[in-house]
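S.K.: Note that the protein sequences, when read in sequence, are chains A and F.
Numbering-wise, the first sequence is residues 1203 to 1560 according to the working numbering.
Numbering-wise, the second sequence is residues 87 to 904 according to the working numbering.
In short, the hints are calculated from the structure, not lab data.
It is possible that part of the hints are untrue.
[Said to hold, decoys possible] Quick list of in silico lysine-lysine cross-link-like pairs, BS3-like style, CA-CA up to 30 Å:
#	chain 1	residue 1	chain 2	residue 2
1	A	Lys-1297	F	Lys-380
2	F	Lys-146	A	Lys-1380
3	A	Lys-1296	A	Lys-1259
4	F	Lys-95	F	Lys-146
5	F	Lys-715	A	Lys-1296
6	F	Lys-146	F	Lys-190
7	A	Lys-1381	F	Lys-663
8	F	Lys-190	A	Lys-1496
9	F	Lys-190	A	Lys-1380
10	A	Lys-1270	A	Lys-1222
[Stated by the list, open to error] Over 10 Å on every C-beta distance to chain F, these chain A residues come out as not near it, computed from the model:
#	residue
11	Ala-1212
12	Val-1335
13	Asp-1379
14	Lys-1484
[What the hints assert, rightly or not] Pair ranges (Cβ atoms, derived):
#	chain 1	residue 1	chain 2	residue 2	range
15	A	Glu-1229	F	Ser-610	38 to 46 Å
16	A	Lys-1547	F	Val-870	53 to 61 Å
17	A	Thr-1498	F	Glu-96	28 to 36 Å
18	F	Glu-552	A	Asp-1366	25 to 33 Å
19	A	Pro-1306	F	Glu-606	49 to 57 Å
20	A	Trp-1377	F	Glu-712	21 to 29 Å
Beta carbons: idealized from backbone N, C-alpha and C, even for Gly.
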Amino acid sequence: MAQNEALSDAAVSIDRALTKLREGFMERFRAAGTEQALREEYAKVLGKKGELTAILKELGKTPASERKAIGERVNALKQEVERGFEQCLSDLRKKERLAELEAPPFDLTLPGRLPVSDGGHRHPISRVREDVVSVFRQLGFAVFDGPEVDHEENNFGLLGYPPDHPATDMQDTFWTDKKVLLRSHTSNIQIRAMKSVKPPMAFIAPGTVYRRDDDATHSPMFHQIEAFLVDRNVTLAHLKGVLAEFAERIYGPGTPVRLRPSYFPFVEPGAEVDVGCVFCKKPDGTRPGCSLCKHTGWIEILGCGMIHPVVLENCGIDPEEWSGFALGMGLERIALLRYGIPNIKLLFENDPRFLAQF
Amino acid sequence: MKASYRWLKELLPALNASAAEVAARFTHAGLEVEGTTEYGAGTESCLVVRVTGVRQHPTKSGLRLVTVDRGGGQTQEVVCGAPNVPDPGGLVVLAPLGTHLPAKNLTIAPRNIGGVTSEGMLCSESELGLSDDHGGIIVLPMGTAEPGTPLSQAVPNVRDTIFEIGLTPNRPDGLGHVGLARELAALLDIPFALPATGEIAKTADIETKSLCSIIVEDAERCPHYGAAGAVDVTIGPSPLWLKYRLQALGVRSISNVVDITNIVMLEYGHPMHAFDLDLLRPANAPRILVRRAKEGETIVTLDGVTRTLVADDLLICDGEGPVALAGVMGGESSEIRSTTKRVLFECAWFDPRGVRRTARRHAMHTESSHRFERGVDPGDVARVLDRAVALTTTLAGGAATRGRVHVQGTRVAAEPEPPARKKVRFRGRRVHDLTGVDVPFAESAAILKRLGCEIVTPDASKDEHEVLVPTHRPDIGREADLVEEVIRVHGMDSVPAELPRIRASRDVGGREELARRAKEICASVGLSEAITFSFTSGRVLEVLGAPPPAVRLENPMAEHQSVLRTTLLVGLLDAVKNARRHGERDVREYTVGPVFLAPKDPNDPLPDERLRVAFAIAGDRPAWLEKPKPFDVWDAKGYATEIARRISGRPVEVVQASRQEAPPHLHPRGAAFVHVGGERVGAFGPLHPDVVDALELDGEVLVFEMELDPFVGGAATPKFTPIPRFPASTRDIALVVKDSVRAGDVEAAVREAAGPLAEAVRLFDRFVGGQVPPGHTSLAFRVVYRSPERTLTDAEVDAAHANVVAVAQSKFGATLRA
Ligand SMILES: [Zn+2]
């Protein structure tokens, strides 16, 4: 502060008080041993009834011409006090953190405690998954494990996806490097199974899959179950028989199934499968239609088909001797419909209030 | 793909199925009709009327009163605010009283406008749902129709039913109406014939090949380049039938020649391009050159964007530079303009893979690339060119130039070499073999023929046939594909449902069952199952001190989902954070799933996927009729050991981690390892406070994570031990020890001191305060003494127990608590 002009007495007195405060506050802050004490000390300096406020009350006695300069000085001091407080607070917390970390260890030889509680809850996707797995197990299918990160050829190439073909647009894929990807479907297990096991075989592959989609009905990570059967004389009629059994057990007795031709590179013929809508079903078995089935009385649940002979050949299986079918379904869709969950995001937020409902 | 029902009817005179029936039939054959819309609904009630007089509205400026002749001598006056009311004699469209216009959800009723009653409305295209154009009313060309004619009769294409077909990528033939008509005819078993390409109204005495020289440098990427020409054309608006057909199909009408290329594409599914010949360089001897781009070369495409190309991009160039990105989009430099007089039409067949790579590289998804990358019909190049030229001579008044030019490799000719058709072996019985449906060969053959196949049977006594696949079906290449065609058209509803006799397989891997067991165990102890994302960020893994990511995504959707987890805790801690953000303090969740670690063999491109279980508990411990208390480390121990014990079926040992070996994410005071059979399988403890701060978890969280793969064989089978026959004697002892003495050490000493008669030692009470001196803890143990052979006497038990007191005193300086 420029001192070259003579100041009024009031200004000189304020100036002195400020200097005193400035020289003393840091020591007081440092002396505080707890956060509580520090905050109290801080309030004594800068609080509404603090020392600085008291000093400022004298400001009215100074000539207007000097007030601006004093104001600037007060502000500078305020900032200095705040910085000092933050510094001390942070030092204090470091000290406390250190003390906490260095405190004697808990005696973990004491017995563990298993709290009493009502049971935990299973995730709706897992419930659906286990129901579906159980149906297929009862039909004679076994589970074939496989990785979620796989070679491109198991996920696409050997399944008959032509390179640079728009068929791959149906599945926008996450890539890592070196021709490795996050599997975009559980069909990679078809390849892994058929390459390693001799027919006949009847497997299912439940698991996590990944696609670059993120909206109210798509999650970048979701779940599928693949089922495939390879044996002599397997036909589309067998596929339909398994689907009918599946629909009967998962969606209730008498649920009709229909096949609509569709295209998936690894099956031929390929089809989409609809089941009779379970939401608008009347006691007499009719289905007048509802918003969930888009007023058709049918709900699309999965894709399927006869395993393409190229895929069999790619795995060293002679399509003249063996045939097979494959089907794959998304579990989220089943779960959303079954439990009336409006948005797929809810499935992955793991909100305790959500999980407790299942 | 939008498809016009009216157009299909024109292509199939025998079609008498309703639009709804057509939609259902397509859907059931795999061409899913996802929606049906009515184009120009309401136009049936609208009339073509002639303006006979126009005067100002008496009170409202900007409005006029238009007198129109409705035919049959009737006239009527309506109020109109449009800026473009034609002079008397002009034809406009009247929506009479009572007309419903769904596009505006409006029914015409008498309206009083400034004292004048108007009983009708002169319509714009947007009011009729014909386009977005609401700039003015429709003014029809003179002579369109007599006044009084319904609009839908005067201009038939204003009314149509449009199908939105979700075509699968294997059906490029469905991307044109001719292909759809062929398919529909096959499905309904009605006759189909290719439409005529149309009369060429006038031919100029100029050879097409003299217009422009065409050189194809890359015949692999462009096996067929076809061209035709027209001169003396007049660019202008398209006739109404063309304009409304295009608009019904979602294509904006631009000018007659541009519209022709579009309508031909919608007809045949084969994109084409029109060049202004006078803009191709050099002007005195224009040239077309099909070549690969030079690295870094640029082109300004029709959308005005400058594209920087790579050597894999295929270009159409003139004598001086690029004029089109082959199969994707034309360039600005040679596009058709209002002044164009001479047109060069291009119809080519580009390698689908190349077009797709270019379209993806430049993020350009066009009507053209969409078709080329799926594979257009290589057999219809000549037909498409003829159609475009014929339409040009009728709609743009030009004259065709003589002959086409077809460049196919080194062959240049006026007529193309027809592309080879694939030959596929077909055995009639294979339909039954694969579908279980008995379709007689004659029916299969008829279906295939309707789809355009030709069938050759060399030996009538054998079920061995040769099917020549039409060039518009690139998806058919094997017998199974033919079987699919047969069953698709025959109807999948005919497939019976038969349960196969399955020869059961055995699980491979065993992780599904292992995971299921772990999930059930966790739920049974009171934890709820979370399903957590495998994605996380490198930063979060670093905060947790987890192994660095072994899998990084090349194309993550977001930075926080850019790597795969190396610990399950990331997702659980997200759940804790989310719950607390919503005010939920209490979280008891577990998750089961893989972590993705670096492969054991560094040359293995796949990560080591390890199945684990983890839990996070935070907030208050559930209890019965008790004031809630927060979870502590012994709760974590309880859950962790119970889970580990039940998964393994074996005893579990908890080993407290020293400060040096404590996992970095855990609090050093309470970090512990879980051992099964001497192997470390997991760790639990309170989360390190620095981690709590860094992840903004807002309070203490206790966590546990454990490997599951060691237990894939199932839990150990319990072994029976005989139930004791003799009664036990119990003695309780309360020892006061220094706080630093661990209860477990005292317990072990007690057990040892109690000798072989002690069957069990259990800590049953721990007490601090009261009469226990400060810095000390009272530990109360119950010792159970028993012999398998006899009932113990009190004296025997007392003797053994006396030793316990002595050892505790000497070993720990313990005193007996009174
Ligand atoms: Zn319904």
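S.K.: To test your reading of the hints: which numbers does this structure violate?
M.R.: Result: hints 1, 2, 3, 4, 7, 9, 12, 13, 15, 19, 20 break, sorted rising.
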